[in-house]
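Trainee: Those protein sequence lines, which keep their order, are chains A and B.
Numbering of the first sequence is given in my numbering, commencing with residue 1 and proceeding in unit increments.
Numbering of the second sequence is given in my numbering, commencing with residue 307 and proceeding in unit increments.
Chain B is faced by these chain A residues, among others (derived, beta-carbon under 8 angstroms): (1) P28; (2) P39; (3) G89; (4) T91; (5) I152; (6) I164; (7) F165; (8) T166; (9) R167; (10) G168; (11) W170; (12) K278; (13) A282; (14) I283; (15) E284.
From the derived model, a few chain B residues whose C-beta atoms are all more than 10 angstroms from chain A: (16) I314; (17) P370; (18) L373; (19) I376; (20) S418; (21) T420; (22) E436; (23) N439; (24) A459; (25) Q464; (26) A466; (27) D487; (28) E496; (29) Y585.
I should point out that these hints are in silico values taken from the structure, not numbers from a laboratory.
All residues carry an ideal CB built from backbone N, CA and C; glycine is no exception.
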Amino acid sequence: MTRGRVFALLLGVAGVLIVAFYLFGGGPDANIVTELRLPRLILTVFTGMALAGIGSVYQLMLANPLAEPYILGISSGSAFGAILFGVLGLTLLMPLGGFIGAVATLLLVWRLAQKKGSFDRSRLLIAGVIAGMFFAAGISLVMYLFQQDTMIILGTLMGNLGHIFTRGEWSFFLVLMGFSLLILAWLWFRAPALDIMSGGDVYAGSVGINVSRVRKEIFFLTSLLIGITVSYAGIIGFVGLIIPHVVRFFVPSGQKRVYLWSLAAGGIFLLLGDLIAKNIAAIELPVGVITAAVGCPFFVWLMLRK
Amino acid sequence: MRPAAGLIGTLLLLLILITGACGSGEEAQGRKRIVVLSPEVAEIVAALGGAGLMVGVTQECDYPPELAGIEKVGNFGAVSKEAILALKPDLVFSSALEQEALATDLAKMGLSVTQIYPQKLDDLPRVVLEIGNLIGKPAEAKAMADSLSSGIAALRAQTAGLDRPKVYLEIYRDPLMSVSDASFVGEVIETAGGDNIFSELERDYARVSPEAVVQARPDIIICYSRDSLDSILARKGWQDIPALRDRRVYFESDLDPDLIQQATPRTLEGLRNLHRLIYPGGE
Numbered sequence: 001m002t003r004g005r006v007f008a009l010l011l012g013v014a015g016v017l018i019v020a021f022y023l024f025g026g027g028p029d030a031n032i033v034t035e036l037r038l039p040r041l042i043l044t045v046f047t048g049m050a051l052a053g054i055g056s057v058y059q060l061m062l063a064n065p066l067a068e069p070y071i072l073g074i075s076s077g078s079a080f081g082a083i084l085f086g087v088l089g090l091t092l093l094m095p096l097g098g099f100i101g102a103v104a105t106l107l108l109v110w111r112l113a114q115k116k117g118s119f120d121r122s123r124l125l126i127a128g129v130i131a132g133m134f135f136a137a138g139i140s141l142v143m144y145l146f147q148q149d150t151m152i153i154l155g156t157l158m159g160n161l162g163h164i165f166t167r168g169e170w171s172f173f174l175v176l177m178g179f180s181l182l183i184l185a186w187l188w189f190r191a192p193a194l195d196i197m198s199g200g201d202v203y204a205g206s207v208g209i210n211v212s213r214v215r216k217e218i219f220f221l222t223s224l225l226i227g228i229t230v231s232y233a234g235i236i237g238f239v240g241l242i243i244p245h246v247v248r249f250f251v252p253s254g255q256k257r258v259y260l261w262s263l264a265a266g267g268i269f270l271l272l273g274d275l276i277a278k279n280i281a282a283i284e285l286p287v288g289v290i291t292a293a294v295g296c297p298f299f300v301w302l303m304l305r306k
Numbered sequence: 307m308r309p310a311a312g313l314i315g316t317l318l319l320l321l322i323l324i325t326g327a328c329g330s331g332e333e334a335q336g337r338k339r340i341v342v343l344s345p346e347v348a349e350i351v352a353a354l355g356g357a358g359l360m361v362g363v364t365q366e367c368d369y370p371p372e373l374a375g376i377e378k379v380g381n382f383g384a385v386s387k388e389a390i391l392a393l394k395p396d397l398v399f400s401s402a403l404e405q406e407a408l409a410t411d412l413a414k415m416g417l418s419v420t421q422i423y424p425q426k427l428d429d430l431p432r433v434v435l436e437i438g439n440l441i442g443k444p445a446e447a448k449a450m451a452d453s454l455s456s457g458i459a460a461l462r463a464q465t466a467g468l469d470r471p472k473v474y475l476e477i478y479r480d481p482l483m484s485v486s487d488a489s490f491v492g493e494v495i496e497t498a499g500g501d502n503i504f505s506e507l508e509r510d511y512a513r514v515s516p517e518a519v520v521q522a523r524p525d526i527i528i529c530y531s532r533d534s535l536d537s538i539l540a541r542k543g544w545q546d547i548p549a550l551r552d553r554r555v556y557f558e559s560d561l562d563p564d565l566i567q568q569a570t571p572r573t574l575e576g577l578r579n580l581h582r583l584i585y586p587g588g589e
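Could you put together the complete structure from these sequences and hints?
Mentor: This is the structure in structure tokens:
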């Protein structure tokens, strides 16, 4: 288990360094650290954790290494809802719009995934991709019709961790995050069942797992989580897809451990991405661009090394 | 070859119909037919007394109100070339940015296109003169250009040497965006006697970090991001900003954005209004 130890050590050291830089880089006033940087750090770490954690769950549940949190179309629906609220002038309510979009999409996709009352994995994927395309078209249309609001739209589509919180919004976000952490914990308890389910539904059923129910619960709860992250941080690609794979390089087996390390690595990786996005150029770059630009070469190196 | 003959016959018939249709449009006599694609130029043309010359404008051209009756050829970023051609304009005024490519296309189609995009306050009188000459109102243009130049110069003289309060203009909330001094409105702020806190940015209109705003401690906030005073006051970490402590936050209802963001004859009014907000005590 030396590999796992190395990974844990690296992650721990990197995490401490990144957090220190993120909060205190440039020697800001105490007010800025506590009121601006800390909330952003919390939003960023939470988003990275949720994306990577959900990614690891989906890859196992859908038996598809390309699965990521956005594959079921929830993110596009959520982004569409948030953007629609934004261009209609309800910028403060954009997270609410994102959440409504996510719930509407999840109900639609779930409905489409049913075949004669039973759940079908490939139908779920197809329904998700179709819903994603549909809402992407909707976003393009809104973008075309409301050209003066391009920044709001791009912020949502390319990821924007610089959400400005009012005090009320922040308290509300903390409540949502508490709820989300409960979901993340629940997913951890579901990890053994997921491991067994990856061996086939029949097998899982024979050892006493209510497969369709577990799937339904995971689908609904993760969709809520995705809705929350997209509402506040926009769509940030790559983290949910690659982090679980990277983790599996170091921690080869057991969803329980893969999941836990994905949470940690996802949060730290996104924090690093945001740190770079904020500081590499005079203007802040979209964090989604950075995560892909940093993560892809790293992943290629990891693959070549094997 | 009967099919071929039939085809040629049909084509001939079509040709006759098309030429007939084209010939039936009445010839404009004397008066210039002008299509204007930017609100700034439409306002200048109207102010020079040329509202009657405009046969087509874009959706955004909403001032003065008499433009409402003029045919719309699309919106700023999505203009219908066909609609413009159908109006048979003698002259098209286009802007820059998204309209750059459009201007090239229209010129290829044989239209006479003039690009007008005043980026500096000092461009304004020059642009007014240029438009005046093109639409046949040189005398009116001269008078307006002179009054603009002297008005701007007077304000500059008035604010020279004064203590400049720091101004933060917010054009977007999520993500936070402001303007640099290189933008038109940035220059308007400086000329009206304010000190724009983001004098240098990568672009004229660019993202800024909330941290930078809090650190700059602006004395005045102009908020065009559709946010409300209560919500700005409640933003985490913003409470120590002097503009918020003194409640010197101004919105669209306090200062019409068109007056300071667009280069038009009303810019002078915008400059003076902004000057009054910056120096409420008179000077």
